[in-house]
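Student: Here's the letter readout for the chains.
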Amino acid sequence: MHFSVYRYNPETDDKPYMQEYEVAVDAGMMLRDALLDIKFQDESFTFRHSCGEGVCGSDGVNINGTNGLACITPISVLKEPVEVRPFPGRPVIRDLVVDMTQFYHQYRSVKPYLTVHDPEPEEEYRQSPEEREKLDGLYECILCGCCSTACPSFWWNPDKFRGPAALLQSYRFIADSRDQATAQRLEELEGPYRLFRCHSIMNCTNVCPKGLNPTKAIGEIKKIMLKNNT
Amino acid sequence: MSSSIPVRRFDTLVIGAGGGGLRAALQLAQADAHVAVVSKVFPTRSHTVAAQGGMNAALANVLPDNWHWHMFDTIKGSDYLADQDAVEYMCRAAPRLVVELEHAGVPFSRLDNGKIYQRPFGGQSQNFGGDQAARTCAAADRTGHAILHSLYQQNIHAKTHFFDEYLALDLIYDDEGTILGAVVMEIETGETMVIEAKATLLATGGAGQIFRTNTNAHINTGDGMGMALRAGIPLQDMEFFQFHPTGIAGKGMLITEGARGEGGYLLNKDGERFMERYAPNAKDLASRDVVSRAIYTEVKEGRGCGPNADHVMLKLDHLGMDVIQKRLPGIRSTIQTFLHIDPASESIPVYPTAHYTMGGIPTNRHGQVVAPLGQTAEETVQGLYAVGECACVSVHGANRLGGNSLLDIVVFGRAAGNHIIDYLKENRYHRPMADDSIDKAMARLSRWGQKGEGESVRQLKDELKKTMEDFCGVFRTDEILAEGVDKVIALEARLQDARLQDHSKVFNTARVEALELENLMDIALATVCSAHARKESRGAHSRIDYPDRDDERWLKHSLFFKEGRKLDYKPVRMKPLTVDSFPPKARVY
Chain W
1394 MHFSVYRYNP ETDDKPYMQE YEVAVDAGMM LRDALLDIKF QDESFTFRHS CGEGVCGSDG
1454 VNINGTNGLA CITPISVLKE PVEVRPFPGR PVIRDLVVDM TQFYHQYRSV KPYLTVHDPE
1514 PEEEYRQSPE EREKLDGLYE CILCGCCSTA CPSFWWNPDK FRGPAALLQS YRFIADSRDQ
1574 ATAQRLEELE GPYRLFRCHS IMNCTNVCPK GLNPTKAIGE IKKIMLKNNT
Chain C
3 MSSSIPVRRF DTLVIGAGGG GLRAALQLAQ ADAHVAVVSK VFPTRSHTVA AQGGMNAALA
63 NVLPDNWHWH MFDTIKGSDY LADQDAVEYM CRAAPRLVVE LEHAGVPFSR LDNGKIYQRP
123 FGGQSQNFGG DQAARTCAAA DRTGHAILHS LYQQNIHAKT HFFDEYLALD LIYDDEGTIL
183 GAVVMEIETG ETMVIEAKAT LLATGGAGQI FRTNTNAHIN TGDGMGMALR AGIPLQDMEF
243 FQFHPTGIAG KGMLITEGAR GEGGYLLNKD GERFMERYAP NAKDLASRDV VSRAIYTEVK
303 EGRGCGPNAD HVMLKLDHLG MDVIQKRLPG IRSTIQTFLH IDPASESIPV YPTAHYTMGG
363 IPTNRHGQVV APLGQTAEET VQGLYAVGEC ACVSVHGANR LGGNSLLDIV VFGRAAGNHI
423 IDYLKENRYH RPMADDSIDK AMARLSRWGQ KGEGESVRQL KDELKKTMED FCGVFRTDEI
483 LAEGVDKVIA LEARLQDARL QDHSKVFNTA RVEALELENL MDIALATVCS AHARKESRGA
543 HSRIDYPDRD DERWLKHSLF FKEGRKLDYK PVRMKPLTVD SFPPKARVY
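Note that the protein sequences, when read in sequence, are chains W and C.
For the first sequence, our numbering gives the first residue as 1394, with consecutive numbering after it.
For the second sequence, our numbering gives the first residue as 3, with consecutive numbering after it.
A few of these clues could be false.
Claimed, not checked - With a straight-line cut-off of 20 Å between C-alpha atoms, the simulated DMTMM-like cross-links for lysine to aspartate or glutamate are: (1) Lys-1609(W) <-> Glu-1515(W); (2) Lys-271(C) <-> Asp-324(C); (3) Lys-117(C) <-> Glu-1515(W); (4) Lys-468(C) <-> Asp-1430(W); (5) Lys-117(C) <-> Asp-1529(W); (6) Lys-1432(W) <-> Asp-312(C); (7) Lys-1603(W) <-> Asp-312(C).
Simulated from the structure, these hints should not be mistaken for laboratory data.
Same shape as in the complex, but just chain W (with noise of 0.2 Å):
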């Protein structure tokens, strides 16, 4: 099967090119085995893997125009050549390994961790099925960036812009039945950037590998506020 592959070194090459690889494939071959074939043939060629099977978010590409996991996108939905590019947006660091820093930083910027002020209790906090149902849906994302490097808002504005990953787990801790911090995780929300350049282009529910959608969580952030502000 042919491969077109994005290449950069920043110590030897002055601008980014393709690279083209034959790789022989078997039934059940995903992206990431062809990938880890190419590294075989050229240990020079470099990207990002761990877990092989879709739940460390380390192996995030731009694969045929469309940014998935490698590990589980089996290459028999592929068609030839199958083109593997880096995250789009993002500064390229080498190869398919790009910067995520301003990523990290969208997320830590939500205050992503469960904030209660009332005195802890000696047991569990009591949440219903049906209230921790409300963070299915939510809680499983593996920040592989597939969504935000989506999203042409995100593009323009990662400095600004929150971007759908950081936005969904956001609206996690709000929906959580035991979060107290409510309030502030709006306020700071405000503003005609960090939520609201979300222009519901649904990029990000598109391409998530694990079938979350950030669109309705981002919308249910809106609804929250629209319904705060009447």
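Got chain W; can you put chain C on it based on the hints?
Tutor: For chain C alone, coordinates are given in the frame of chain W:
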């Protein structure tokens, strides 16, 4: 050379950002100890993220339970090789630490009364070997993910200092053997740096990558164990490597024991529920070593499934879509992705898969590294701690119970954090640096700068993993292990002549993998040598030529030293902290 390396100074250096490292870092950061966490991947990519089924604690939310029963099960599960003081400490702490995690935000699944959901897991009993218990606290089948992310989030809150994508090369130690920090390499730039610390904690995880088919991530290369060996510290009980009964056949992805905890069971080609023959009471929820051997035996005796009769089937389809979607959504998705079948309607082909390193860096229950360096078998290595899968405290002994590894990392991560806080009070100043030790670490790196023809790292790594699978697997004999030892020694010799073709600095993963392979090689050697020496069957170590447990001669911990590939032994700590000892008994499920 060493004078030109930049130096950063912290009170404590934590190497590894999985659950153990992050739990320790949180304890330290909350106590205002200046802590640096070095991780070769962004913290939430650490392998704790892949833990599925849950974390054991005798909360008694579903069925009657208490920590003493948990302690008994853990010791029995360990085939009596666990240190009973450490086990008591862990099982007593468990309920409080689960609650602590819940307060930290972990989205545990819930019971109707709002309490944490608990499921049955293998090797659990009520009343010291009675009815099945339900002790495993779960966030669906993504418990590791839920815990790791919550711990990282709390560390953000605590303002822990992270060095993401830095690879630790070696520990720095002075002439007295005191650990002074580590030499690390920033992967993005290829630049090295010294991190000086009064206390250093290794939390680098397991080394499942020594086997070809494994449930482990690419990063699980036992870097901390390798660093300990090179610093003259032995590895303990390395012959005990856990093969998880239910990896996806031929591929290795983990299918949680929780699948059987929720009511799934195993079938051979005759449709027989064969675990009833091997473990009449516990059946499919016997200990992992027992179930893995049963599967292996079924296949070997011709009762395997599939065209090659090389696996058995895990049946879940009777559980109903509701249970599968609510309790096992993660493995359903994994099975759909990798096998293109839905476990709600079809059985899953499974086979035992290398999963967990029971052995590791010897520590006491405070996380202090202990070694026979002076007069006694357990002298503390000053300034060095280890927790989690890279350590051997030992709470898992010869076989770990499912649900005890997430518990282990949280309990001992926290304990080590607390002990370090006290240690820092007594050790207020950094000691003088040991330049020759830094030079040694740098030499390890510069060796890979040699150019020219040589074998590739990938070739050697593949051969090592295949060798370990063939010669140090589920069932072992003297003949097979002796050949395994020779083969790994030969591979180790060939590693000296391996060469990199890529000598660039920026994000050179080929170089990272070369450094990782050195660790894997040392650990494989420790594993196969320790296995060859132990002439009995205990827990995960099954010798066909010595089929019985031999408490008279072998109720002791192995210690493997890199220098001269020397083996030593030390007694098991049979005395718990407050309760009566559990003396070794025949182990039946």
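Student: Now tell me, hint by hint, if it's right for this structure.
Tutor: Quick rundown of the hints versus the structure:
| no. | hint | verdict |
| --- | --- | --- |
| 1 | Lys-1609(W) <-> Glu-1515(W) | violated (35 Å) |
| 2 | Lys-271(C) <-> Asp-324(C) | violated (28 Å) |
| 3 | Lys-117(C) <-> Glu-1515(W) | holds (13 Å) |
| 4 | Lys-468(C) <-> Asp-1430(W) | holds (18 Å) |
| 5 | Lys-117(C) <-> Asp-1529(W) | holds (17 Å) |
| 6 | Lys-1432(W) <-> Asp-312(C) | violated (31 Å) |
| 7 | Lys-1603(W) <-> Asp-312(C) | violated (32 Å) |
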